[in-house]
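Fit chain B to the known structure of chain A by using the hints.
Read off the chains here:
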Amino acid sequence: MSITKGQIESHGLKLDEYNKIKDLLGRDTNLLELGIFSAMWNEHCSYKSSKIHLKKLPTKNNIVIQGPGENAGVIDIGDDDAIVFKIESHNHPSFIEPYQGAATGVGGILRDVFTMGARPIALMNSIHFGSPNHKKTQHLLSGVVSGIGGYGNSVGIPTVGGETKFNSTYNENILVNAMAIGHVNKNKIFYSKAKGINKPVVYVGSKTGRDGIHGATMASAEFDENSDQKKPTVQVGDPFTEKLLLEACLELMKDNSIISIQDMGAAGLTSSSIEMASKGKLGIELNLDKIPCRENNMSPYEMMLSESQERMLIILDDKKEKEAKKIFDKWDLDFVVIGKTTDTNRLILNFQNKKVADIPISALADEAPLYERKWLKPKITKNKIESKDFKKIKTKEALLKILSSPDHSNKDWITDQYDQVVMCDTVQKSGGDSAVIRIHNKNKAIAVSVDSSANYCKADPKSGGKQIVCENWRNLISVGAKPLAITNCLNFGSPEKPKIMGEFVECVNGIKEACEFLNFPVVSGNVSFYNETNSKSIFPTPVIGGVGVIDNLNKILSMKTKKVGNLILIIGKTFGHLFQSAFLRENFAINDGPPPEINLTNEKNNGLAVLKLIKEKLILSAHDVSSGGILVALAEMSMTSKLGLKIFEPKRVPSSNEYFFAEDQGRYLLEIDKNNLKKIEAILKKNNIFFDIVAEVQNDIFEIEKSFSIKVNDLYNNNNQWYHKFNAIN
Amino acid sequence: MKSSVIVFPGSNCDRDIAVALEKLQFKNSMVWHKETELPKSDLIVVPGGFSYGDYLRSGAIAAKSNILSEVINAGKKGSLILGICNGFQILIECKLLKGALLRNSGLKFISRNIFVKVQSTTNSFFNKYSKNEVLKLNIAHNEGNYFTDKKHLEELENNQLIPIKYCDEKGNINLKNNPNGSINNIAGIFNKDKNILGMMPHPERMVDKILSGEDGLPLFMSLMN
Chain A
4 MSITKGQIES HGLKLDEYNK IKDLLGRDTN LLELGIFSAM WNEHCSYKSS KIHLKKLPTK
64 NNIVIQGPGE NAGVIDIGDD DAIVFKIESH NHPSFIEPYQ GAATGVGGIL RDVFTMGARP
124 IALMNSIHFG SPNHKKTQHL LSGVVSGIGG YGNSVGIPTV GGETKFNSTY NENILVNAMA
184 IGHVNKNKIF YSKAKGINKP VVYVGSKTGR DGIHGATMAS AEFDENSDQK KPTVQVGDPF
244 TEKLLLEACL ELMKDNSIIS IQDMGAAGLT SSSIEMASKG KLGIELNLDK IPCRENNMSP
304 YEMMLSESQE RMLIILDDKK EKEAKKIFDK WDLDFVVIGK TTDTNRLILN FQNKKVADIP
364 ISALADEAPL YERKWLKPKI TKNKIESKDF KKIKTKEALL KILSSPDHSN KDWITDQYDQ
424 VVMCDTVQKS GGDSAVIRIH NKNKAIAVSV DSSANYCKAD PKSGGKQIVC ENWRNLISVG
484 AKPLAITNCL NFGSPEKPKI MGEFVECVNG IKEACEFLNF PVVSGNVSFY NETNSKSIFP
544 TPVIGGVGVI DNLNKILSMK TKKVGNLILI IGKTFGHLFQ SAFLRENFAI NDGPPPEINL
604 TNEKNNGLAV LKLIKEKLIL SAHDVSSGGI LVALAEMSMT SKLGLKIFEP KRVPSSNEYF
664 FAEDQGRYLL EIDKNNLKKI EAILKKNNIF FDIVAEVQND IFEIEKSFSI KVNDLYNNNN
724 QWYHKFNAIN
Chain B
514 MKSSVIVFPG SNCDRDIAVA LEKLQFKNSM VWHKETELPK SDLIVVPGGF SYGDYLRSGA
574 IAAKSNILSE VINAGKKGSL ILGICNGFQI LIECKLLKGA LLRNSGLKFI SRNIFVKVQS
634 TTNSFFNKYS KNEVLKLNIA HNEGNYFTDK KHLEELENNQ LIPIKYCDEK GNINLKNNPN
694 GSINNIAGIF NKDKNILGMM PHPERMVDKI LSGEDGLPLF MSLMN
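In order, the protein sequence lines correspond to chains A and B.
For the first sequence, our numbering gives the first residue as 4, with consecutive numbering after it.
For the second sequence, our numbering gives the first residue as 514, with consecutive numbering after it.
Next up, chain A with everything else stripped away, as it sits in the complex (with noise of 0.2 angstroms):
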């Protein structure tokens, strides 16, 4: 039986790859084979069309114990602690099945980092919906956001923030990014590389069930009106058999029996067992009578490409085989020798006495097709709005419509379904700047945070994409931490298409930029393409979690203010930018123009100089100025304290509403006592730093001198109205 051509269209290849295939093999493939080249060759698996751009990247400096290429990556936290942390997409199987898509994205992801030795302490998430009204909006957030509760909290790690926006750009393609973050003994890593000939290849976890075939390779397709007919490639989730594994993984590894070790994400058990042993540069044998499944009459097709979740791979020291089957029993967890490793550099498959598929493991994981896509430069528009109509709307107004527009609202409504303190060391919880979580029985804390921003990415990707990479910074230096490496999640549309690629290769390049002048490395990520329907393509929206450390528990900074009579200081110039702005997409309606500039060295050096003065104990609570710029922030941190602001007139910018709610980048405001504010200002202008004094904290009343004021509670209430009247409409 020779392989047809709508069996290669089906399998998301193209034609001159079959025929590359046909090349690397000397012969045509079977259906199995098809099936396995496809699962690897895909673009979510193998990065054919990032992989060039992905490559300058920084991803090394002296605290990254593990870069990209890995499970999750590893940083060095000091005292022999490391955090292991990564974001994943699960875009498409949550816009088909919102509450499975996202409750196995969580669990794809803990299971990255547990796999590598880590015990998971925190998780986090960046969603994109659509439009508030539009139709399917309130069924996809609902279903994801208990989603992704429905599977943290069985598990029992806590979710402790993220974000959550709104935009019609996503409206027939959601975007669901979770991050998990774990910690290890930095001694204790445990690595995907096989080792050893003979040794055995162990399946542990769920049974192998008809769920998710070919999910990566959904994935890696754009939708049309007929995608809900793939709701069977969604895998489904089951978070008690995830909590099982994680803990009998944890404890196996408490000893040095494990030789490598691999989840069964996208692709199941064709890309863990490839990757284990391309890594190893050795060859695998597997026996899939031995698969343990769910169902009759499963076909070497079915157990090769399922993506039944909660699986693992593990290649064991062949002398512990009982141990290690002990500990499995006890959590009453799957555990069969499925194969053992060979020297043939070959992935070999039997299944009732014959060999089913052999293939040189080198063609399925080194020769997958590495594109250079054409890219077209994005055209940045320059044009000048005409700004004398921004000083016509009153500033209480615009704060208003601004603190009650679906992005800026309370997200308390989607919080509070996620046990965010579970495990006892969640310090600061969502809403904040940055999380801070505990590192477990030490006396320090580490900080993440998540952070988007597709407007200014779509008006200019490079300075989007610096832009976020810099947001995420100041967000970790608002609480008081350290900075030290992200992980990425790309998503974007087709890479076929020159504008999309274009798109795509500027935002890396931005990113780039950023992180080597930060020495902010990135260790881990994850490239989602084809997030578009009918051909229209979302907005580029790189997202970026952040991690930085914090070496003593009395440094951790929130945005609460403390005390009435203190000082509130910016650090950093407003230049009245307000193209891209929160102000002038809630007010009226326009998004047009260039995102706000970019300024590196200010930003390291405005970035720096806070972590001096939190060091020296100078600053009582910190918020870092973003979207909504100066007056959102402040409003924010009164709305935080209940304690109200009296905020002075502005003196350098052209109007009050271009002073206030201009999102210029690299700024902070900082609370200090009134007496210190000598020796900050030495501090600040050694450093050549530039500051103003903005406000001092009052009781109850948040007031701009001779404009308005408006009572603490009544902010509160404005800012927490939208859910309500969201769920009373739909």
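Treat the hints with care, as some may be off.
[Claimed, not checked] Taking lysine-lysine pairs in the BS3-like style, the calculated list, with each CA pair at most 30 angstroms apart, reads:
| hint | chain 1 | residue 1 | chain 2 | residue 2 |
| --- | --- | --- | --- | --- |
| 1 | A | 645 | B | 722 |
| 2 | A | 414 | B | 577 |
| 3 | A | 445 | B | 649 |
| 4 | B | 577 | A | 328 |
| 5 | B | 649 | A | 714 |
| 6 | A | 709 | A | 558 |
Because the hints were derived from the structure by calculation, they are not lab data.
Below, chain B alone, put in the same frame as chain A:
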């Protein structure tokens, strides 16, 4: 004081409660659900989490596990037993406590800090609090909506068997401050002899100033008395 924390597959607040107990100098042992004997202990804790994935019904499968028959025996003999969250659900399923925990009235999982008002201090669990004291505790559950029949409710109310009720920051007990629809704002109940307590809020999450507070500490101190 010796304590035992029961660990089921799917328990996930077992470490948290152990940390809290050890902080207060309890000599604690973790007891795996497949065990058939309990170590000698002054306090048995059935912790929070999702035992057996909460499949079938929260707490239903755990209630049938090996160790539970020992817990039931100990409870009947007067041992102190504390069931928190999923532990409360398990104590109900194994009939050490009466009533039912229904799905939250809002039909969503709720996790947030709430307030409860101490109703009674003449028992082993709350004697270090004062009556009407308002505590900030954390809840995290999907099925915490306590319900029972009229007769049992009267029994609970009349015999000081409801030690804590949901309230607001100032101590007002009303529907608005009831997070899950629980009858009479009940956050926890005793059995008749007050040696068995089931509560939805997590006291072990409030024993550390740097997290969100220490209002849970006196509960464990009460048990030391």
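Evaluated hints:
1. A/645 / B/722: holds (21 angstroms)
2. A/414 / B/577: violated (40 angstroms)
3. A/445 / B/649: holds (25 angstroms)
4. B/577 / A/328: holds (26 angstroms)
5. B/649 / A/714: Status holds; Cα separation ~26 angstroms.
6. A/709 / A/558: With Cα atoms ~37 angstroms apart, residue 709 of chain A and residue 558 of chain A exceed 30 angstroms; violated.
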